[in-house]
Amino acid sequence: QQQVKQSPQSLIVQKGGISIINCAYENTAFDYFPWYQQFPGKGPALLIAIRPDVSEKKEGRFTISFNKSAKQFSLHIMDSQPGDSATYFCAAPRGAQKLVFGQGTRLTINP
Amino acid sequence: DGGITQSPKYLFRKEGQNVTLSCEQNLNHDAMYWYRQDPGQGLRLIYYSQIVNDFQKGDIAEGYSVSREKKESFPLTVTSAQKNPTAFYLCASSIDPSPGTTQYFGPGTRLTVL
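Chains as they are written, first to last, in the working numbering: chain F, 1 to 111; chain D, 112 to 225.
Since the hints were derived computationally from the structure, they do not count as laboratory data.
We put the CB at the ideal spot given by N, CA and C, even for glycine.
Be careful, since some hints might not be right.
Label pairs and their computed distance ranges (CB to CB) [to be verified]:
1. F:F30 <-> D:K168: 19 to 25 Å
2. D:G127 <-> F:A29: 38 to 44 Å
3. F:N67 <-> D:G127: 48 to 54 Å
4. D:E126 <-> F:G41: 38 to 44 Å
5. F:N67 <-> D:R124: 41 to 47 Å
6. D:N129 <-> F:D79: 46 to 52 Å
7. F:D31 <-> D:K125: 43 to 49 Å
8. D:N129 <-> F:P111: 15 to 21 Å
Okay, derived cross-link-like pairs now, DMTMM-like style, lysine to aspartate or glutamate, Cα gap no bigger than 20 Å in a straight line [what the hints assert, rightly or not]:
9. D:K120 <-> D:D149
10. F:K5 <-> D:D165
11. F:K98 <-> D:E173
12. F:K5 <-> D:D149
13. D:K194 <-> D:D165
14. F:K42 <-> D:D165
15. F:K42 <-> D:D149
16. F:K42 <-> D:E135
17. F:K98 <-> D:D141
18. F:K98 <-> D:D165
19. F:K98 <-> D:E126
20. F:K58 <-> F:E26
21. D:K125 <-> D:E173
Just need the whole structure built from these sequences, with the hints factored in.
Quick look at the structure:
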């Protein structure tokens with residue numbers, strides 16, 4: 001059964017720094033790896049996703065790096081801002097109908 | 112505005128009582144999902160539905176039940192058989208059940224068992 005391991009559980013970064021969150025998955029027959037962002041008391045929202053016909057996808061300050069041979073993918077947040085403080089979840093497909101989510105990373109950006 | 116609504120936002124239940132959480136979407140999405148969120152455990156899938164009148168168990172379905180009589184509605188009942196129901200419950204929908212489509216989440220219901 002597909003497992004997704006996400007690290008670290010919590011992360012504190014200074015304003016302007018780079019935040020890096022990592023995920024590892026086991027097996028998947030469907031290539032789609034999203035990251036969701038969740039603010040306290042709210043539902044998660046899609047932040048960025050990659051279909052690994054490419055090894056990297058960038059949207060503004062957010063970048064997904066994907067290593068298919070290592071079965072790992074990571075989220076990089078450049079020039080981190082206090083408004084980026086949130087919980088981040090990676091996810092990977094399981095079967096044809098479901099996503100399995102990582103445990104989440106609570107990111108705090110200090111001003 | 113299109114989106115997903117969940118009600119109530121906060122819910123308190125006495126032990127031994129069943130309680131139903133509402134989820135409604137006006138996005139015309141075929142697929143709907145219920146997740147449970149506990150601190151440090153991410154989102155765990157309770158039930159999902161690919162189409163009206165059809166639903167499947169997720170990873171932690173024991174003690175829960177659902178129905179999908181209308182495309183826009185997917186209520187979740189937390190029964191007295193659920194041993195530890197205190198959690199944050201999230202409903203989501205996607206245009207189709209493929210894992211490659213974006214899931215849109217509601218604002219959640221926080222259930223507390225007294």
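Against the structure, the hints come out as follows:
1. F:F30 <-> D:K168: 19 to 25 Å: At 20 Å between Cβs, range holds.
2. D:G127 <-> F:A29: 38 to 44 Å: 43 Å, holds
3. F:N67 <-> D:G127: 48 to 54 Å: About 50 Å separates the Cβ atoms of F:N67 and D:G127, which means 48 to 54 Å holds.
4. D:E126 <-> F:G41: 38 to 44 Å: The hint (38 to 44 Å, Cβ to Cβ) is violated, given that D:E126 and F:G41 are roughly 25 Å apart.
5. F:N67 <-> D:R124: 41 to 47 Å: 45 Å, holds
6. D:N129 <-> F:D79: 46 to 52 Å: 49 Å, holds
7. F:D31 <-> D:K125: 43 to 49 Å: 46 Å, holds
8. D:N129 <-> F:P111: 15 to 21 Å: 46 Å, violated
9. D:K120 <-> D:D149: 16 Å, holds
10. F:K5 <-> D:D165: Roughly 31 Å between the alpha carbons, so the hint for F:K5 and D:D165 is violated.
11. F:K98 <-> D:E173: Roughly 18 Å between the alpha carbons, so the hint for F:K98 and D:E173 holds.
12. F:K5 <-> D:D149: 16 Å, holds
13. D:K194 <-> D:D165: 26 Å, violated
14. F:K42 <-> D:D165: 28 Å, violated
15. F:K42 <-> D:D149: 14 Å, holds
16. F:K42 <-> D:E135: 16 Å, holds
17. F:K98 <-> D:D141: 14 Å, holds
18. F:K98 <-> D:D165: Answer holds: F:K98 to D:D165 is near 15 Å, not above 20 Å.
19. F:K98 <-> D:E126: 31 Å, violated
20. F:K58 <-> F:E26: 24 Å, violated
21. D:K125 <-> D:E173: 19 Å, holds
The earlier numbered hints that this structure contradicts are 4, 8, 10, 13, 14, 19, 20.
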